[in-house]
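Peer 1: Sequences are here, hints too, so could you generate the full structure?
Number of protein chains: 2
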Amino acid sequence: MRAEIISVGTELLLGEIVDTNAAFLGRRLAELGVDVYHRQTVGDNQVRLVAALQLALSRSDLVLVSGGLGPTMDDITREALAEVLGDRLVLDEAAVRHLEAYFSRIGRAMTDNNRRQAYRPDGADFIANRRGTAPGILARYQGRTIVCMPGVPRELETMFEEEVVPRLFASTGDKRVIKSRMLLLTGLGESAAEAAIADIIKEQTNPTIASYAGLGEVRLRLTAAAAGAEEALALIEPLEARLRERLGDAVYGVDSDTLEGVVAEKLISRGLVLAVAESCTGGLVSHRLTNIPGSSAFFRQGLIVYSNEAKKELLDVPDELLEEYGAVSPQVAEAMARGVRLVGDADLGLAITGIAGPGGATPTKPVGLVYLALASDGDCIVEKHTFSGQREEVKYRASQAALNLLRLHLQ
Amino acid sequence: MRAEIISVGTELLLGEIVDTNAAFLGRRLAELGVDVYHRQTVGDNQVRLVAALQLALSRSDLVLVSGGLGPTMDDITREALAEVLGDRLVLDEAAVRHLEAYFSRIGRAMTDNNRRQAYRPDGADFIANRRGTAPGILARYQGRTIVCMPGVPRELETMFEEEVVPRLFASTGDKRVIKSRMLLLTGLGESAAEAAIADIIKEQTNPTIASYAGLGEVRLRLTAAAAGAEEALALIEPLEARLRERLGDAVYGVDSDTLEGVVAEKLISRGLVLAVAESCTGGLVSHRLTNIPGSSAFFRQGLIVYSNEAKKELLDVPDELLEEYGAVSPQVAEAMARGVRLVGDADLGLAITGIAGPGGATPTKPVGLVYLALASDGDCIVEKHTFSGQREEVKYRASQAALNLLRLHLQ
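Note that the protein sequences, when read in sequence, are chains A and B.
The first sequence begins at 28 in my numbering and counts up one residue at a time.
The second sequence begins at 28 in my numbering and counts up one residue at a time.
These aren't lab readings, by the way, just hints derived from the structure by calculation.
Each pair may be met inside one copy or between any two copies, as identical chains are not told apart.
The calculated DMTMM-like cross-link candidates involving lysine to aspartate or glutamate, where the alpha carbons are at most 20 Å apart (straight line), are:
1. Lys293 - Asp404
2. Lys411 - Asp276
3. Lys229 - Glu106
4. Lys229 - Asp101
5. Lys229 - Asp139
6. Lys229 - Glu264
7. Lys411 - Glu351
8. Lys392 - Glu350
9. Lys339 - Asp372
Peer 2: This is the structure in structure tokens:
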């Protein structure tokens, strides 16, 4: 089965609201094993909605329409649907009773324009709306199915789950199910990641592999279609294993994992305590780590040492290092990491110093230059990075690399 | 001029991401006085993208495409565009140099698949991408214009503003122009804000007023339509003045202002130095303040004191206060603010202590309870808040209230 989504509303075209209904329907249809190849968005205009419906009916078996069912003059989905079906609009008595009951329940008088919502094309069916006034409409046309739902997200979602899914997908039997898994990578660019697995991507058709570039990370989506959920997962697993073998340490998690969550889990399970000294990231690393519930178990303290004075006073960074090498140097990064570890009486000391920009660059130290250091008992690792982007991007990429340094050390 | 937006990406159809690019482009085109009647979304499929482009060219003067320009094999916008134009793909030397410079700047090797991004249809123009690797493409076809932009939102937004708008909308004539201004409020809920100005909203038709509830803030958008930009702004200004009078101190800025930016400006202009002690916000207040370029001028240091030990050792919070009142108390908040001000040798000391949850609540201290304190020369203000929401929401709302406390003090 091939489905198409039509979102109706001038406010969508004007960008006043983001179309979360289309995303919801796309996700649910994928889970139900229905292919979605097209989505259209049109304003509150009958001529254009009629054209959109005709186009959708020419290429899709199921057309899901959201919006345009309300009581006002610019709600034109009923009229457009009747025109496409070549059908007249009739008053649905069940819909009238539903509206009257709704208004009596909320203790308001039903205005005349609300009665508009009770009309439907003669041959179509009314769909109950448990959470609002506008009923939905279900119509059949030349072997195709059209479902119109209200645009208010919670009304649409409830109607879809409670009314549409049982009617259209009840007798699923042995339909195709789509499952996907996201592999999360860091420390490797999108093209490098893809180059490393190009041959695997090429030979794959089911599951497919798609890559997405995020800030300081890459996501690989493995999507498999099969007769059932277990079969789909069984297709994904060997491919995931192959990719993990090829990509090694770059894979930090799957699906809804976060890098800070992965690091937190390792720290907690090993009973280690961390102290953080941040210069250019300005608190972002600490903020991300303390987003994890229970972070007080491993997060001892974070010192945001923007000035040289703070580096000296709070972390005992020697004056000579600051003078000889400057605050953005491997030497100072190391002294900060060792210093915060001692001051915080922690097992691990993590330090970040760099130039987030736009100011602060020198002929030898460009914007984006960042040194990371991780001090543990007796030892200290120092890394140099050069990140691209604006100030906030540099901060984020630096926080990502710092958390990754921790992750790899704890591996 | 009539424009149409095509969003490319299977992840959009699957509902894995919400299409914020289309909303951004819709909003900006409305502001530029360009009508948008259609939007299409297709997956990473060349046949369907070609059909979508042909349909768009049959009914729209300007077609804006987002996505599908990356380095990987499922990025098919270049190929689809060339097919529609009946043009071959050629390597653009400027684009190659741009890519090489980009990779050398970030200190990474450019892989072969990145070179794919430098191809464009022979008769089309390359558009620079200042924030990423994928260049855009500008093509003309039978009196229509097609603009292809990368799907990464920050890359698309920068390219649209800096490259596309100047090329396509430089010489607007006397079309109807829509202008809007966003008033940014904090310290007041959405319904309280709306109740305060309900009569004004009711009588307004041009400009219109729409309110949006954000996390820890409310935004009011004033939108006016007029023959020209100046006329539209002249309609907005008296309304803005009326709203500001009614809402008073709750208005912290307009449009792209941020609360941290407003606070930073006040600190810099008054030459004041700040030190911050964070418990439950875990670095978020410091992170937000250090997002502002030049923050080293006012941000002395930030201490993230999660444990009682850290509060005692770093801030000299007396043991007796911690024992008698607990770490989440007005007394400890005050001691933290006074302590960090002294330790940091700063004009102002800001402290946040609270329970972000999900753990940590006691019978008398619920999740969401937060005390804020602001110490200045001899004086200290303490505020109590109870925030709703999950851990990250409580952290954000607390950071918002702390920055607002600073803002009102600096007023």
